[in-house]
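Fit chain R to the supplied structure of chain B, relying on the hints for placement.
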Amino acid sequence: MSVKKSVGYKNRQKRKDRLISLLIGVFALLWITPILWTFWTSLRPYTDIIQKGVFSRPDTLNFDNYFNAYRQMDIWQYLSNSFIVAIPAVILTLFFGSLLAFVITRYSFRFNLYLLLLFTAGNLLPVQLVYAPLFKIYIWIGDLVGNRNILYDSYIGLILIHVALQVGFATFVLSSYMKTIPKEISESAMVDGASVFRHYWNVILPLLRPPLAALSVLMTTWIYNEFFWAIVMIKSDSKRPITSALGRLQGEYVTDYNLLAAGAIMAALPTLIIFFILKRQFVSGLTIGSTKG
Amino acid sequence: MSETTNSVSRRTVLKGAALGGVGLVGAGTLLSSCGSDSSGPVTFTARTNVENELKIAQALADAYEAETGIPVTMQGSGDTNAFQDGISQYLQGTPDDAFQWMAGFRTNFRADQGLLVDLSENISALGNQIPEGFVSGATNPSDGKQYIIPTTWYPWGLHYRKSTMLELGLDPENIATWDDFMKLLEGTQKKGLIGYAMGDKGGWEAMGTFSIINVRLNGYDYHIDLLNGREKWTDQRTIDTFNQFALLIPYMNKNFLDISWDGMRDLLLAKKCGAMMMGSWWANEFKAKSQEDYDDLWIVPFPEINPAYGRDSIDAPVDGLCVASNSANSEGGAAFAQWCGSEEGMLAAQAAGDTNLYANTNLDTSDYDPFNKQKLAVIGEAKNVMNFLDRDCRNDFAGTIVGPAIQNFLRKPNDVNGIVDGMQAAWDALPALA
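Sequence lines, in order, name chains B and R. Reminder that position 121 of the first sequence reads as 121 in the working numbering, one-by-one numbering, no gaps. Reminder that position 39 of the second sequence reads as 1039 in the working numbering, one-by-one numbering, no gaps.
There could be a bad hint or two in this list.
[Said to hold, decoys possible] Cross-link-like lysine-lysine pairs, in silico, BS3-like; alpha carbons within 30 Å at most:
1) R:K1254 <-> R:K1412
2) R:K1412 <-> B:K52
3) R:K1055 <-> B:K239
No wet-lab data here; the hints were simulated from the structure.
Looking at chain B on its own, in the form it has when it is part of the complex (with noise of 0.2 Å):
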């Protein structure tokens, strides 16, 4: 009897599996699948559709796409724009980021939480009502100082607007990362007479590794990612991010959407190359924060 139970529980718990792997395969069939058909779109050309339609037998594939997309999209001038945008941009962040956490988890002062709720709010507004207003702000500041383009059209100004857009999700992740750091590690670096700064620096900022190793490769991904301010703060196309050279590709009217689909996954290729890299920190950036000490 007792024997017969646990084969049908085993049963069970394998027709479960069955199911849960089958819902699985699905959904990842659902999230290749527009890649694979972008892919399958990038190896043909453009002629072949517009005589054929979109579902036919090809007669050519090829990479020829690839190399049209890599020679009009001008390929290395926008994607060291975008290097040159998110890596000071990140860096930044990160160092804010884990200066404000850090205060705001190892004193304990009256407005700790306000600060840090503040902090994240930003994060709740939509940069599209944030726009105008800091176009404004720019154009301002620049005739101020009698250069308007100090931060409108320049590095500067785009990487400012990273910097203070994506402080507040650093703040939040590596505030609640350090609060499972035991509270005795600060206490004897105060007990040793450590200063501010040098309990910052020497004691809590290599413990934060893991957290901002997962936050920096999540950061540079999203801030490469980023259209919408370099398409508005930058008025020089030669200063645009990866992200807008896609759109050499397409025309006023007529776009070819094979040699689009070939630029696309070019301009997704540097991400893709990041995560699978640093696959583990990618994965440990998304759970971190969750469980709080």
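Just chain R, lined up with the frame of chain B:
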């Protein structure tokens, strides 16, 4: 010439400063732009990011430099939609001297704000090189001046395949009357095809049909007045236009809200429809399929409805160059823009491979192919040039109100009264233009 342009630009600039350019533009920077002289280097934004068109723009800059010795720095605008949406910021920030732009409301609205330089003097300097309809399309109705140097345009017309007309026993080169048009629609439908292809997923495609029926039925003046709030949408004449439009619905494909303009094009490409009303910018797709298909393609003006107006109006969106009053060298920009509108500029663009329809009476068009000649003829027949509905009226009305209203009408053609009531209410609710 530079002397007169100077005073004009100074006046415009001062006007801009008086209006405050939405209050934020520092008068100091504005006035500093007056110090420019037309022989200094010029910056120029091409409204495109396509490789081929950038090459043409660069060729223009090079040719200008070769001719005048004035260096021109060209840059692409990046994504054209983003450029279009962000034009207000572009002009209030640090714009290039000259930039490619569209005539109609998009120019006139910014001109009224003092952000663009008055180019009327440059237009008169070009004299009769510029066709009359072209100038009419580039004129700002609020002050009768031009703030854009027109360079290219394309006609909106009835496109069809000549072979289909031959099969139906119609004149393949001319569908002139409403009766012919009806024969076309019925004939193609009897053959099991779609009579009148319609794809209005984007919300703007069907505006072409609405506008042309409105001008054929009620005239150009009524149409423009209607779009600018001087006539009412609830007017019986507007209702008549919608009812005339409704006559076409039985001949349309049923999925008109699921396909866009390129879906219509594909129907014609695959010989699945009789005719379609569309701007003529995609003939190259026919060429890509085969020369035979291209030779089969034809365009005529939308047929006459009311003999009082004949076929005297056409949608032919005018593109050209504007000059920003906030720029470093607006005078140099104006001189460059004028050159682009002249015969030399157009020849330089065509030498670089530009296949757009340039309008300059000095240009030799004898080696155009028959389809392009016909496009010119279609435009040339019209006395009044419209810039298409979404360029003829304010942007916050065209896209957000007229587009969805026409979509609703196509779905429920019996509810015309409700639809025009809603449109008029929406117009009345709009804030006054700043």
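Consistency of the hints with the structure:
1. R:K1254 <-> R:K1412: This hinted pair holds, its Cα atoms lying about 13 Å apart.
2. R:K1412 <-> B:K52: violated (34 Å)
3. R:K1055 <-> B:K239: At roughly 19 Å apart (the allowed maximum being 30 Å), K239 (chain B) and K1055 (chain R) satisfy the hint.
Violated hint: 2 only; the structure is consistent with all others.
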